[in-house]
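Sequence order for the protein chains is D and R. Using the numbering used here, the letters of the first sequence map in sequence onto residues 40 to 156. Using the numbering used here, the letters of the second sequence map in sequence onto residues 287 to 399.
No lab work stands behind these hints, which were simulated from the structure alone. Since the model is a prediction, treat every value here as computed from it, not as a measurement. Please note that a few of the clues may not be correct.
Some, not all, of what chain R presents toward chain D, calculated at C-beta under 7 Å [as the list claims (entries may be wrong)]:
(1) Gly328
(2) Leu329
(3) Leu334
(4) Phe374
(5) Asp378
(6) Ser385
(7) Phe389
(8) Glu391
(9) Gly392
Which chain R residues stay away from chain D? Per the calculated CB distances, all over 10 Å, these [said to hold, decoys possible]:
(10) Gly302
(11) Lys356
(12) Asp369
Glycine included, each C-beta is placed from N, C-alpha and C at the ideal position.
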Amino acid sequence: DTEVTQTPKHLVMGMTNKKSLKCEQHMGHRAMYWYKQKAKKPPELMFVYSYEKLSINESVPSRFSPECPNSSLLNLHLHALQPEDSALYLCASSQGPHTKYLSYEQYFGPGTRLTVT
Amino acid sequence: SQQGEEDPQALSIQEGENATMNCSYKTSINNLQWYRQNSGRGLVHLILIRSNEREKHSGRLRVTLDTSKKSSSLLITASRAADTASYFCATDRGGTSGSRLTFGEGTQLTVNP
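Here chain D stands alone, though its shape is the one from the complex:
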């Protein structure tokens, strides 16, 4: 199984709502990622989890809160978002362990298209 699944596919939320995005993989990968992609732009890294611990936060605003409950699941909790946060949110995973000289390709989910009204 080389699939990364994401739910929901689409999400519309108001600026005062709290919602969560979910991501799941069953490839035994030990690194998981959240990316944000605006229309006609490349994905931008938000967070990296390595062995279920947050290892990289690319200065993301605190209204985005990641969580890794176990090695297969990754959540992104959303609260008090702004309209400019509307984007495609992509989850990815990769095999570990990563070293200074060895890293691996990433497997991406189909994304959640988020609209903030």
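Chain D is already provided as a structure; the job is to place chain R on it using the hints.
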């Protein structure tokens, strides 16, 4: 600013022709990867080339890497309509925290039947 810059931004060719996309980057890298994205969906990994490699092949794909010029190219031979997609290069700085990919701006490839 984005690490990778790609050219051309858009490329339109006929089926059967070859497509070449170029990527330049600014800092030292562990490896460089190419991904394909169909119309706002998830990305699909195509090929990974490590910093000590110069060329790599996978099916109809050929990737080169010139670390002295900080550039890479992706060649798709005998293109098909199904190759129509956005293609991104991504540089990986490496590290024990996981892959830290920085994507280029991408090339939109259209293959006309």
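* Asked: Against chain D, is Phe374(R) within 7 Å by beta-carbon distance?
  -> 6 Å, holds
* To do: May I ask you to test the interface hint for Leu334(R) with respect to chain D, counting a Cβ-Cβ separation under 7 Å as satisfied?
  => Holds. Min distance 5 Å.
* Asked: Since Gly302(R) was said not to touch the interface, does its Cβ keep a gap of more than 10 Å from each Cβ of chain D?
  -> 28 Å, holds
* Verdict on Asp369(R) as a residue remote from chain D, using beta-carbon distances over 10 Å -> 18 Å, holds
* To do: Would you check whether Leu329(R) satisfies its interface hint, that is, whether its CB is within less than 7 Å of any CB in chain D?
  => Because about 4 Å separates Leu329(R) from the closest Cβ in chain D, which is inside the 7 Å limit, the hint holds.
* Asked: Under the criterion of a CB-CB separation shorter than 7 Å, is Asp378(R) in contact with chain D as hinted?
  -> 5 Å, holds
* To do: Would you settle whether the hint for Ser385(R) is holds or violated, based on the nearest Cβ-Cβ distance to chain D being less than 7 Å?
  => 4 Å, holds
* **Status of the hint placing Glu391(R) at chain D (closest C-beta pair under 7 Å)** => 6 Å, holds
* Assertion that Lys356(R) lies outside the chain D interface [Cβ separation over 10 Å] -> Given that every Cβ of chain D is farther than 10 Å from that of Lys356(R), nearest at about 18 Å, it holds.
* Return the status of the interface hint for Gly328(R): holds when the least beta-carbon distance to chain D is below 7 Å, violated otherwise. => This hint holds: Gly328(R) lies near chain D, its Cβ roughly 4 Å from the closest one there, short of 7 Å.
* Given hint Gly392(R) near chain D, where the shortest CB pair must fall under 7 Å -> The hint holds - Gly392(R) has a Cβ within 7 Å of chain D, the shortest such distance being about 6 Å.
* Interface hint for Phe389(R), Cβ within 7 Å of any Cβ on chain D -> 4 Å, holds
In the structure shown, no violation is registered for any of the earlier numbered hints.
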